[in-house]
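Could you slot chain B with the ligand onto chain A? The hints should help.
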Amino acid sequence: MSERASVPKEEEETEPETEQEPVTTGAQSVIRALENAETDYVFGVQGGAIMPVYDALYDSDINHVTMAHEQGASHAADAYGVVTGDPGVCFATSGPGATNLVTGIADANMDSDPVIALTGQVPTEFVGNDAFQETDTVGITQPITKESYFAADSDTVGDDVSEAFALADAGRQGPTLVDLPKDVTQGETEVEPGSPETPETYEVPEEADDENVQEAAEALAEADRPVILSGGGVIKADASSALREFAKEYEIPVITTMPGIGSFPEDHELSLEWAGMHGTGYANMAISNTDCMLAIGTRFDDRLTGGVDSFAPDAEVIHVDIDPAEISKNVYADYPLIGDARNVLRQLFDAMPRAPDADEWRDQCQTWKDEYPMDYDTPDDEPLKPQYVVEQFSEMTPDDTIVCTGVGQHQMWASQFWEYTEPRTWVSSHGLGTMGYGVPAAIGAKLAAPDQEVVCFDGDGSFLMTVQGLSVAVREQLDITYVVLNNEAVGMVRQWQDGFYEGRRMASEYPWIPQFDKLAEAFGARGFTLESYDNVEETIQEARDYDGPSVIDAHIDPGENVFPMVPSGGDNGQFALNEDHLDMI
Amino acid sequence: MPGPAPDERMRPKGRRNTQGIRVDPEAEVTHEPRQAVLSALVKHRPGVLSEVSALFSRRQFNIESLTVGPTVDDDTARMTILIEEPEPGIDQAKKQLQKLVPVISVRELEGEAVRRELALVKVSGEKPDDVNAVADMYNGQAVDASTDSVTVEITGSKQKIDAAIEAFKQFDVQEIVRTGAAALERGPKTLEKDV
Ligand SMILES: Cc1ncc(C[n+]2csc(CCOP(=O)(O)OP(=O)(O)O)c2C)c(N)n1
Chain A
1 MSERASVPKE
11 EEETEPETEQ
21 EPVTTGAQSV
31 IRALENAETD
41 YVFGVQGGAI
51 MPVYDALYDS
61 DINHVTMAHE
71 QGASHAADAY
81 GVVTGDPGVC
91 FATSGPGATN
101 LVTGIADANM
111 DSDPVIALTG
121 QVPTEFVGND
131 AFQETDTVGI
141 TQPITKESYF
151 AADSDTVGDD
161 VSEAFALADA
171 GRQGPTLVDL
181 PKDVTQGETE
191 VEPGSPETPE
201 TYEVPEEADD
211 ENVQEAAEAL
221 AEADRPVILS
231 GGGVIKADAS
241 SALREFAKEY
251 EIPVITTMPG
261 IGSFPEDHEL
271 SLEWAGMHGT
281 GYANMAISNT
291 DCMLAIGTRF
301 DDRLTGGVDS
311 FAPDAEVIHV
321 DIDPAEISKN
331 VYADYPLIGD
341 ARNVLRQLFD
351 AMPRAPDADE
361 WRDQCQTWKD
371 EYPMDYDTPD
381 DEPLKPQYVV
391 EQFSEMTPDD
401 TIVCTGVGQH
411 QMWASQFWEY
421 TEPRTWVSSH
431 GLGTMGYGVP
441 AAIGAKLAAP
451 DQEVVCFDGD
461 GSFLMTVQGL
471 SVAVREQLDI
481 TYVVLNNEAV
491 GMVRQWQDGF
501 YEGRRMASEY
511 PWIPQFDKLA
521 EAFGARGFTL
531 ESYDNVEETI
541 QEARDYDGPS
551 VIDAHIDPGE
561 NVFPMVPSGG
571 DNGQFALNED
581 HLDMI
Chain B
1 MPGPAPDERM
11 RPKGRRNTQG
21 IRVDPEAEVT
31 HEPRQAVLSA
41 LVKHRPGVLS
51 EVSALFSRRQ
61 FNIESLTVGP
71 TVDDDTARMT
81 ILIEEPEPGI
91 DQAKKQLQKL
101 VPVISVRELE
111 GEAVRRELAL
121 VKVSGEKPDD
131 VNAVADMYNG
141 QAVDASTDSV
151 TVEITGSKQK
161 IDAAIEAFKQ
171 FDVQEIVRTG
181 AAALERGPKT
191 LEKDV
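Top line first, the protein sequences correspond to chains A and B. If you're matching positions, the first sequence starts at 1 in the UniProt record's numbering and goes up one per residue. If you're matching positions, the second sequence starts at 1 in the UniProt record's numbering and goes up one per residue.
In case anyone wonders, no lab produced these hints; they're calculated from the structure. A quick note: this is a predicted structure, and the numbers were derived from the prediction, not measured. Glycine included, C-beta positions come from ideal geometry on N, C-alpha and C. Hints are not guaranteed to be accurate.
As the list claims (entries may be wrong) - Covered stretches of chain B (chain A as the covering partner; in silico rule of three or more C-beta atoms under 8 Å from a C-beta of chain A):
#1 12 to 18
#2 122 to 129
#3 146 to 155
#4 160 to 170
#5 180 to 186
What the hints assert, rightly or not - The calculated lysine to aspartate or glutamate pairs, modelled on DMTMM-like cross-linking and capped at a C-alpha distance of 20 Å, are:
#6 B:K169 to B:D130
#7 B:K158 to B:E112
#8 B:K13 to A:D301
#9 B:K13 to A:E360
#10 B:K95 to A:D301
Pulled out of the complex, with its shape left as it was, chain A reads as follows (with noise of 0.2 Å):
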């Protein structure tokens, strides 16, 4: 690492622990809770307001990346947090910094991925009057952070962290963000930060009560039809392996959310992958039959469900959630669960009187896997498919690789046509749908992980919105492979167009995008070029192959669209399985 503030001092590996010196400054002691909370990483960008923070970070063993954009270092954190589990670190100056920050904490606001933001602010006597670079940080962040705190003085400041970083972690995950004027970090103190605590009206349920566990047991139990959906907060409790073994056990068939893509292994009998607007045939027939879901971790966001009334419709709902504000928020929960998915899902296996009699239901869910295969046409002769070097990847790598995506058909592909059977291993933005996500979480996510394989599949226009993020990778050496599957447009869009806009093409098509192979070279990555089936392999693996960041432009189909679909606000039973089916629904 090329940064000051990472290098490790010599002295340190020789001599034992030594003590810390004392705090003298609000930015000593916010680096002090920093350091409390075992931060390893923080990503950011420098600035006036922020300037004392960073100037305590030189001292302090916590390693720094220097982002090209306020909105990578976001990103990043949310990534580095999602891949961890612990909450990732983002600073950014007041103003202009703070601002770019914005979309990367409402994307892990969304995602209910942990990630504590540090801003600078304009001094206290400032705050106000429109002073140079100052905004109203906290007014603008409150509705998308579970907290932001405006650190009001040095010896408190501390403390503000301390907590911001505790409750980013606890119960639902989530972001918060402290706002530090510089007058506040710059001024004396000695009062050292105290442990993380989370604030004392945050309370966070931690087991479902045993009588309603035992209802619901013997509801699931009883049913004919069941089946489980396991949502982002089966990853976020680490209870991936509580479920595997819970339907195991049971013989329940298992649907994932998006989000919870990796906390059941898609090549095992049960899986039916994930469901929704872009999900597989066969689990979304399976959400339209059940008589009984065990949703777990789940919000029921819209591109899950389609239309509520035919989300479905003849299940009895189990709904495990930490958030009790989750439950029938969106779809009505006959038997809500509260608590911690990892210690309900070890309550409902002891609860559980019997397996559910559903070995006709099983054989239902292999004949619609047998029916709505996941298929692609691949002719010689056409130009490549996308599809195809998402699975050639898949196969060419080991089970813990991370992938990570920008927003738009690429991201369904990704998710649609690799293999995953580990949790963390899936990285992109869901709830918010943030293009431009793919390139900095990527930084993140190798930093989190650096023994792991990264590679990001990305859209030529969500790549374009976050490239200068390469820069980045290049000067950390971070072995990141990009595939740009590259269509000339913003796809997703187009295919709505063409599908739903009577082909007008208004603004989605991009003709006159960069070289990404010369461009990944003139960061000082290596490029790479695909454009027909003949070398899709060897080019991968000469990607791989090479230590630090890569980029594959691949030229694929431009016409080709994702499918299955259900239309927006449709019925998850009437998923399109090409443009034809379209006109039918």
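Below, chain B with the ligand without anything else, positioned relative to chain A:
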């Protein structure tokens, strides 16, 4: 691709309503909006009111009124929020409120809770005696008078104040201000302790 076309597929019999509730033919559930009085204890610090009101606007809960003021404890304030929503919306409002970090506790007050609001009504000063007579009918009193205007204070239920304002219209109402309801549970129950 193989597999039956959309209209040939296995179809479920059930249905849900727009609130995501299964429509059980024996007990069809629809929720009409009703009025609820939510009372919340919150940390008394800058930004709390905006956090709460932003929550309500973001989630599209219709606020009838919202009042806030200090309690006996200097660090806490109490909010009374009147909303009109169908049952699931009221439940969501409570849960979302409870999620906010500065919110200490939330409770929906029962129907018979003591509810009061205050109105100040400024009317023309031409017939002060008549104004006083009407104010008396509503247990109100004149709190300010000049040659051109009389300002009357009325406290009571929303209905009573609505009626009073209606009655004052005969005197050319110049200005009105209303506080919205403040409410407390009857009996010994408080937000801090259940009895
Ligand atoms: C920041 C942002 N702006 C706009 C959109 C709307 N949008 C959703 S998908 C999409 C197309 C993405 O294009 P590209 O990244 O090239 O991927 P493709 O669909 O072609 O694979 C657009 C514009 C968005 N999701 N995010």
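Restraint status (C-alpha distance of B:K13 to A:D301 at most 20 Å)
Cα-Cα ~23 Å, so violated.
Check, residue by residue, whether the region 160 to 170 of chain B contains three or more positions whose beta-carbon lies closer than 8 Å to a beta-carbon of chain A, and give the verdict.
It is violated: at least three residues are needed, and the region 160 to 170 of chain B offers just 0 whose Cβ sits closer than 8 Å to chain A.
For the region 180 to 186 of chain B, do three or more residues have a beta carbon lying closer than 8 Å to a beta carbon of chain A?
With 0 residues in contact (Cβ-Cβ under 8 Å with chain A), the coverage given for the region 180 to 186 of chain B is violated.
Mind checking the alpha carbons of B:K158 and B:E112 for me, to see if they're no more than 20 Å apart?
holds, 14 Å
Please verify whether B:K169 and B:D130 have alpha carbons no more than 20 Å apart.
Holds: B:K169 and B:D130 sit about 12 Å apart, inside 20 Å.
Chain A covers the region 12 to 18 of chain B, three or more CB atoms within 8 Å, holds or violated:
Since three or more residues must qualify, the claim that chain A covers the region 12 to 18 of chain B holds, with 7 doing so at under 8 Å.
Can you take a look at whether the region 122 to 129 of chain B is actually covered by chain A? Rule is 3+ residues, C-beta closer than 8 Å.
It is violated, with 0 qualifying residues against the three required.
What's the verdict on B:K13 and A:E360, does the C-alpha distance respect the 20 Å limit or exceed it?
Status holds; Cα separation ~18 Å.
Would the pair B:K95 and A:D301 pass a check requiring their Cα atoms to be no farther apart than 20 Å?
holds, 18 Å
Taking a Cβ-to-Cβ distance below 8 Å as contact, does the region 146 to 155 of chain B have at least three residues touching chain A?
violated (count 0)
Checked against the numbered hints given earlier, this structure breaks hints 2, 3, 4, 5 and 8; the rest are met.
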